[in-house]
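A.B. asks: Chains as they are written, first to last, in the working numbering: chain G, 1 to 117; chain X, 1 to 115.
Certain hints may be false.
As the list claims (entries may be wrong) - In silico negatives: residues of chain G with every beta carbon more than 12 Å from chain X:
no., residue
1, Pro8
2, Val14
3, Ile22
4, Phe64
5, Gln77
6, Val116
Stated by the list, open to error - Here's a subset of chain G near chain X, in silico, CB distances under 8 Å, partners left out:
no., residue
7, Ile4
8, Pro42
9, Leu43
10, Phe45
11, Ser48
12, Asp56
13, Gln58
14, Phe90
15, Gln105
16, Leu106
17, Tyr107
18, Phe108
19, Gly109
20, Glu110
Hint data in this document are derived by calculation from the structure and do not stem from the laboratory.
These numbers were taken from a predicted model, which means no experiment stands behind them.
Here a beta-carbon is modelled for each residue, glycine too, at the ideal position from N, C-alpha and C.
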Amino acid sequence: DPKIIQKPKYLVAVTGSEKILICEQYLGHNAMYWYRQSAKKPLEFMFSYSYQKLMDNQTASSRFQPQSSKKNHLDLQITALKPDDSATYFCASSQEDWGGANTGQLYFGEGSKLTVL
Amino acid sequence: GDSVTQTEGPVTVSESESLIINCTYSATSIAYPNLFWYVRYPGEGLQLLLKVITAGQKGSSRGFEATYNKETTSFHLQKASVQESDSAVYYCALGDGNSNNRIFFGDGTQLVVKP
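Sequences and hints are given; from them, build the entire structure.
C.D. replies: If you want it as structure tokens, here you go:
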């Protein structure tokens, strides 16, 4: 059974609309992340959260807002969608002790593929 | 900046042949880079294959090996004899052990192993 659940797997949106990508992890991890992969580009770090607090944000636009209602949830709200937002968005988690032995051992979901028309 | 460059895919090899996927990195803002290989098997999420956090050390997993070479800034992935089940996309990645798990990934190399 998948330990990191992302919903939906695929979605299509129109320019200017808003969507929420859901992520839940059942690994008992304390840290969660969002990454994005656009066509022909490498996987790109967006956000990291630890114990539901934002740790790092590499996304320039405030249109991307993570939301953590529970320790094992990290949803991603995207507003005023643009065609350039089309990408596959990956949620990940890890058991972190920042700078410790587990650093870099991320577990990824299968992704949510967003297409903005 | 900080980045990773790896062999462009797809790479096609026959079962039982040897494999090397090249990876070089640039770590301009990271004093002590951690290096990783991640893998995505068909229908599954990306997962860690192996990691090395100390220069000069070798990591290994599932028959794959990679050595952290600071002089050549390389972290090539090798396997002596591939199997059809190794068909997947392999990602070389660079991280900062003191940061918040911001990891820089390469573009990924698709490996196709023919029976």
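A.B. asks: What are the numbers of the hints that this structure violates, sorted from low to high?
C.D. replies: none
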